[in-house]
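Chemist: In the order they appear, the protein sequences are chains A and B.
According to my numbering, numbering within the first sequence proceeds without interruption in unit steps and concludes at 213.
According to my numbering, numbering within the second sequence proceeds without interruption in unit steps and concludes at 1184.
Don't take each hint at face value.
Unchecked claim - Below are the DSS-like pairs computed for lysine-lysine, each with C-alpha atoms no more than 30 Å apart in a straight line: (1) B/Lys1131 to B/Lys1177; (2) B/Lys1149 to B/Lys1177; (3) A/Lys122 to B/Lys1131; (4) B/Lys1073 to A/Lys71; (5) B/Lys1065 to A/Lys71.
Unchecked claim - Here are the in silico distance ranges between beta carbons for each label pair: (6) A/Met1 to B/Gln1021: 44 to 52 Å; (7) B/Thr1002 to A/Leu55: 13 to 21 Å; (8) A/Gly135 to B/Ala1049: 23 to 31 Å.
Honestly, the hints are just simulated from the structure, not real lab data.
Backbone N, C-alpha and C define an ideal beta-carbon position, used for all residues, glycine too.
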Amino acid sequence: MIAHHPDDALLMAYATGAADEATGLIVATHLHYCVMCRMRTRGMETIGGSLLEDLAPQPLAAGALEATLAKLDEVTPYERPRRAPSRDGTPGVLRAYLGGDLRDVRWRRMGPRLAYAPLFRKGGVAARLLRGVPGADSGPHAHEGLEYTLVLQGGYTDVTGSYAPGDLQVMEDGQRHNPVADPGEDCINLAVTTGRLKFDSLIQKIAAPLFGF
Amino acid sequence: MTRSAEVAEMDVLLGQVAATQDRAAFAALFAHFAPRIKAYLLRLGAPGAVAEELAQEALLSVWRKAHLFDPAKASAATWLFTIARNLRIDAIRRERRPELDPEDFMPEPDADADAGLMLAENEGRLRIALKELPADQIQVVELSFFADKPHSQIAVELGIPLGTVKSRLRLAMARLKRAMGGDA
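With the rest of the complex left out, here is chain A (with noise of 0.2 Å):
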């Protein structure tokens, strides 16, 4: 059972489309685990259909509608990509941008209880697959800026609760936590940040940077 989901705010976020892509990308695949969500999303969007309705129409350039219609004849139906069903219940949404499943990421370690790796990172915003052994703890860090965690895997416990596959955590500007990864598989996490963490221990101050985060 799904019990930390967006607020309204950063599904809306996503309904728009006003999201940047790695925010969409982590609101996409907590819907991928989220029936209700998936349901809120929707309403959104037929919001977005009312809204469409009532603008005020803007007349087409003439002759617009022929040569819409001249182009019919050379296009072709569109046909969803066909990929190979995910073996481990990877979320398509994230295998799109993985190249393929959750097993078979290639890890870099941080330590020897953390291993990352990095998605991508636009405009300042950055998304990243986190993993850590059973009580491994990322060290207390605050943050600059926001930072979104899904559990793909596993769990983790921190001062505010315990995250398990599907619950999105949102930590906002100033936060401070210090997760820990709950007993039983490894911990596997989304996560996007659109800051740098800031990090109590000089070790990670020193580290953070070469990781990217």
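Take the given structure of chain A and dock chain B to it, following the hints.
Modeler: Same frame as chain A, but now just chain B:
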């Protein structure tokens, strides 16, 4: 034709395009939606020539994708909104739109045989509820759709705290959800 009859007519036309590649139906959809999609893109700051070109391209996508339209899930207007939204992200922002993979197994809520009919009624109520929202709430809803900015930026431009933007949005969504028959 009343406004709601006109809206329902669009769903029928889209079904005809999907079933029989009906060009007259397509022309009617074009006449209704292309000028609205152009208006949507202009509202979001696209230059006139770009809005014109993408509005035509959106309707071409409607022709190519009509067989994917599911009237039990969305009205034609809502479906066209998602096409225009994604096209803008792709063509103007040059980003990918992360979308759910319809091939994945994702449980749906219990299907209702009259889902399409309920949807049309709900959308009618939604349109009325949107018009009845307090001015400060409809403002943040419209800016969410038409400003292409994070809510933090919208807050700065309105000169109010982000928390106020979020609470107005939350109040608006609760009202709209009740109007659509949801259990807010």
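Chemist: Hint by hint, say whether it matches the structure.
Modeler: Tested hints:
no.: 1; hint: B/Lys1131 to B/Lys1177; in the structure: holds (14 Å)
no.: 2; hint: B/Lys1149 to B/Lys1177; in the structure: holds (24 Å)
no.: 3; hint: A/Lys122 to B/Lys1131; in the structure: violated (37 Å)
no.: 4; hint: B/Lys1073 to A/Lys71; in the structure: holds (29 Å)
no.: 5; hint: B/Lys1065 to A/Lys71; in the structure: holds (15 Å)
no.: 6; hint: A/Met1 to B/Gln1021: 44 to 52 Å; in the structure: holds (45 Å)
no.: 7; hint: B/Thr1002 to A/Leu55: 13 to 21 Å; in the structure: holds (19 Å)
no.: 8; hint: A/Gly135 to B/Ala1049: 23 to 31 Å; in the structure: violated (59 Å)
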